[in-house]
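Asks: Construct the complete structure from the given sequences, taking the supplied hints into account.
Protein sequences appear in the order of chains A and E. Numbering follows the numbering used here, in which position 62 of the first sequence is assigned residue number 62; successive positions increment by one, without gaps. Numbering follows the numbering used here, in which position 498 of the second sequence is assigned residue number 498; successive positions increment by one, without gaps.
The set of hints was computed from the structure by calculation and includes no laboratory data. Yeah, the Cβ is synthetic: ideal placement off N, Cα and C, and Gly gets one too. Be aware that a few hints might be false.
As the list claims (entries may be wrong) - Derived, one-sided and incomplete: chain A residues facing chain E with beta-carbon distance under 7 Å: (1) W13; (2) L17; (3) N20; (4) D21; (5) A24; (6) A26; (7) E28; (8) M32; (9) V39; (10) T45; (11) A49; (12) D50; (13) H52; (14) A56; (15) G57; (16) S77.
Stated by the list, open to error - Covered stretches of chain E (in silico footprint by chain A; criterion: 3 or more residues with CB under 8 Å from a CB of chain A, positions within the stretch not fixed): (17) 96–103; (18) 437–448; (19) 456–464; (20) 492–506.
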Amino acid sequence: MPADDRSTESATWHAALRLNDDAAHAREDEWMRAEAVRVLELRLTQANADRHALRAGLHLRNTLLDEQRVALAERDSVISRQARALEAAGGPGILRRARAAAGRTFIGDIYRSAARAVRRQG
Amino acid sequence: MNVSLIVGWATSAADLRRTLRSLQRQDVKGWELVVPRVALKEPSEGTEAFPEDKRIRYVELPGPLDDDAGASLEAARRAATGTLIGVLAAGDEIEPGGLAAALMLVEGDSEGGAAADLDLVYTDEQWPGQGADGIATKPDWLPHYLQSYPYTGRLCLVRAEVAERAGGFRPGFPGAEEWDLALRVTELTDRIGHVPVVAVSRAAAPRQDDVAIASGLRAVQGRIDRSGRAGYAEQADVPRGVRLWWTVDEPPLVSVVVPTAGGRREIRGEPDVLLVERAVRSLLERTTYQRWELVLVGGPPPQDLIPELLPALGDRVRHAPIDGPFNFSTSVNEGARVSRGELLLLLNDDTEAIEPRWLERMVSVALDPAVGAVGARLMFENGTIQHVGVIFDNGMSPIHALGSEVDDAGRFGSKVLDLDYPAVTGACLLTPASLFREVGGFCVDLPLNFNDIDYCLKVAASGHAVVTAGFATLFHYESSTRGHATEPEEFTFLDRHWGLRRRLDQHVHYRSVL
Numbered sequence: 001m002p003a004d005d006r007s008t009e010s011a012t013w014h015a016a017l018r019l020n021d022d023a024a025h026a027r028e029d030e031w032m033r034a035e036a037v038r039v040l041e042l043r044l045t046q047a048n049a050d051r052h053a054l055r056a057g058l059h060l061r062n063t064l065l066d067e068q069r070v071a072l073a074e075r076d077s078v079i080s081r082q083a084r085a086l087e088a089a090g091g092p093g094i095l096r097r098a099r100a101a102a103g104r105t106f107i108g109d110i111y112r113s114a115a116r117a118v119r120r121q122g
Numbered sequence: 001m002n003v004s005l006i007v008g009w010a011t012s013a014a015d016l017r018r019t020l021r022s023l024q025r026q027d028v029k030g031w032e033l034v035v036p037r038v039a040l041k042e043p044s045e046g047t048e049a050f051p052e053d054k055r056i057r058y059v060e061l062p063g064p065l066d067d068d069a070g071a072s073l074e075a076a077r078r079a080a081t082g083t084l085i086g087v088l089a090a091g092d093e094i095e096p097g098g099l100a101a102a103l104m105l106v107e108g109d110s111e112g113g114a115a116a117d118l119d120l121v122y123t124d125e126q127w128p129g130q131g132a133d134g135i136a137t138k139p140d141w142l143p144h145y146l147q148s149y150p151y152t153g154r155l156c157l158v159r160a161e162v163a164e165r166a167g168g169f170r171p172g173f174p175g176a177e178e179w180d181l182a183l184r185v186t187e188l189t190d191r192i193g194h195v196p197v198v199a200v201s202r203a204a205a206p207r208q209d210d211v212a213i214a215s216g217l218r219a220v221q222g223r224i225d226r227s228g229r230a231g232y233a234e235q236a237d238v239p240r241g242v243r244l245w246w247t248v249d250e251p252p253l254v255s256v257v258v259p260t261a262g263g264r265r266e267i268r269g270e271p272d273v274l275l276v277e278r279a280v281r282s283l284l285e286r287t288t289y290q291r292w293e294l295v296l297v298g299g300p301p302p303q304d305l306i307p308e309l310l311p312a313l314g315d316r317v318r319h320a321p322i323d324g325p326f327n328f329s330t331s332v333n334e335g336a337r338v339s340r341g342e343l344l345l346l347l348n349d350d351t352e353a354i355e356p357r358w359l360e361r362m363v364s365v366a367l368d369p370a371v372g373a374v375g376a377r378l379m380f381e382n383g384t385i386q387h388v389g390v391i392f393d394n395g396m397s398p399i400h401a402l403g404s405e406v407d408d409a410g411r412f413g414s415k416v417l418d419l420d421y422p423a424v425t426g427a428c429l430l431t432p433a434s435l436f437r438e439v440g441g442f443c444v445d446l447p448l449n450f451n452d453i454d455y456c457l458k459v460a461a462s463g464h465a466v467v468t469a470g471f472a473t474l475f476h477y478e479s480s481t482r483g484h485a486t487e488p489e490e491f492t493f494l495d496r497h498w499g500l501r502r503r504l505d506q507h508v509h510y511r512s513v514l
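Replies: Pasting the structure below:
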């Protein structure tokens, strides 16, 4: 190695270091040319893996949201059915009167109030 | 490719079901869940608890499970049929797409990415905790971090054939069974990859009780023993953290190269402090490592600069005068020329030791033949972090990791343990003198900035690791003598020579993957 002998004069030492420095950078250039595609492809794979997991997470959340949407629609339908049944049993305005009686808007309370109103009407 | 996921600890059927459900949600179907039958708290449930999936397999064990899961994990590993094996605790859940993401790195993907042909692949993970406490985003492969901390954690898939060659799981490491195997596997292969995806939600945080900590120490001691070299494992100041000390009978001579112009500044209210005197005094009075010589580069000769320290220094001090315009690289190279040590410590004159064993620690890390440069933890005068390592941001510009953060252990010991970095600052950099010569020292085309970055990248290119020893702590009264400004041509130099290698920066958790 050019700079191995540390007893060398300053100029010789620095010149030898410079040669080694240039050689190190030249080796890196060579490595870069040979490895660039492989390194970048691996980075791409990492990014694709990241994206795949994000997509899968999103897909799961979408599925859960869809299930909740269906459950809500079913619930809406049950409530509408019950409301129609109450209106039929208690006459028009039974739900409005029940709400006023309960003084609150919780749906369970409304139905209980409406049911009591229906019972009172005989 | 099939994956065998092993459960080695006692579990309720409900916990096991949660894990099973998370696997059933995966878009990868080639997996099996291997469970020692005695692991079930209610063994009567047996296979009947999960009639819907034949991919759960039971292993018979002769005795009951205890705290040491090495034997049960090993029995399950031997029964596993997958080409990759991984460990889960019952109740752990694989996140949607997590298994496929891990396998993409092993097998490649259909969208242009390459397969890495890996023997070990690990992912990020999370567990119940406040805020970010339970989120473990991890760096790419850092071999010196793994021998300091079990950071690969879960999900960690190991090629079954390599796990077999490594000797599988072993009893005697309760709470560190996976770490022990990871250490042995990574001694056999460097085909190791990381998928920066939270692929596992653990049911509970990793163990950090005394038993697990003692097991971790034994696991790292095992690495030392297998190496055939002398050393010992010491518990670090962070749960589960370990400091591995390599030792030699004859400690190497360290040449402490200090470029100085005899600068002065105020430090903690004390005006006009001669910086180099403070640095040298901390070497003399606050440093346990004794085999060093001092090489002052530039400035007045020692008898004029630090006359009152000369009696204590004796013949340990040398002077290398410098002519011509200021070029930090030239100063460092000239200091190296007159040095006699096997190791060169490049030290700024505006530093001051805090931890007495700082140099002992850095030398110990440098004794590892795989290591080519060692950095230290440097603190600002106000006690915040100045440097624990250099990383590259999204624009590939060098920045200080964890810069200006408070002085604590950091997440998972990141500020106090040994961590591999792409580069460390030249303000305190230990490197073998032979390697310094081999790669051409500091590049004189970079007279002010980035010469240390360039040096470390050359060290990395030569196949050596660059490691920060977070235990080695010093003050750095940074840039006391010159400004911070970087020139456009310095960035151009990095782009010209290090465009690709900077992209190998392992600290992907600081930036976007691309």
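Asks: Hint by hint, say whether it matches the structure.
Replies: Verification of the supplied hints:
1. W13: Because about 5 Å separates W13(A) from the closest Cβ in chain E, which is inside the 7 Å limit, the hint holds.
2. L17: holds (4 Å)
3. N20: At 3 Å from the nearest chain E Cβ, N20(A) passes the 7 Å test, so the hint holds.
4. D21: holds (3 Å)
5. A24: holds (5 Å)
6. A26: violated (10 Å)
7. E28: holds (5 Å)
8. M32: Where the cut-off is 7 Å and the nearest Cβ of chain E is about 5 Å from M32(A), the hint holds.
9. V39: Since the shortest Cβ distance to chain E is 6 Å, the answer is holds.
10. T45: holds (3 Å)
11. A49: holds (4 Å)
12. D50: holds (5 Å)
13. H52: holds (5 Å)
14. A56: holds (2 Å)
15. G57: holds (5 Å)
16. S77: Constraint on S77(A) not satisfied, violated at 29 Å.
17. 96–103: holds (count 6)
18. 437–448: holds (count 7)
19. 456–464: Contact hint for the region 456–464 of chain E vs chain A: holds, 4 residues under 8 Å.
20. 492–506: Contact hint for the region 492–506 of chain E vs chain A: holds, 7 residues under 8 Å.
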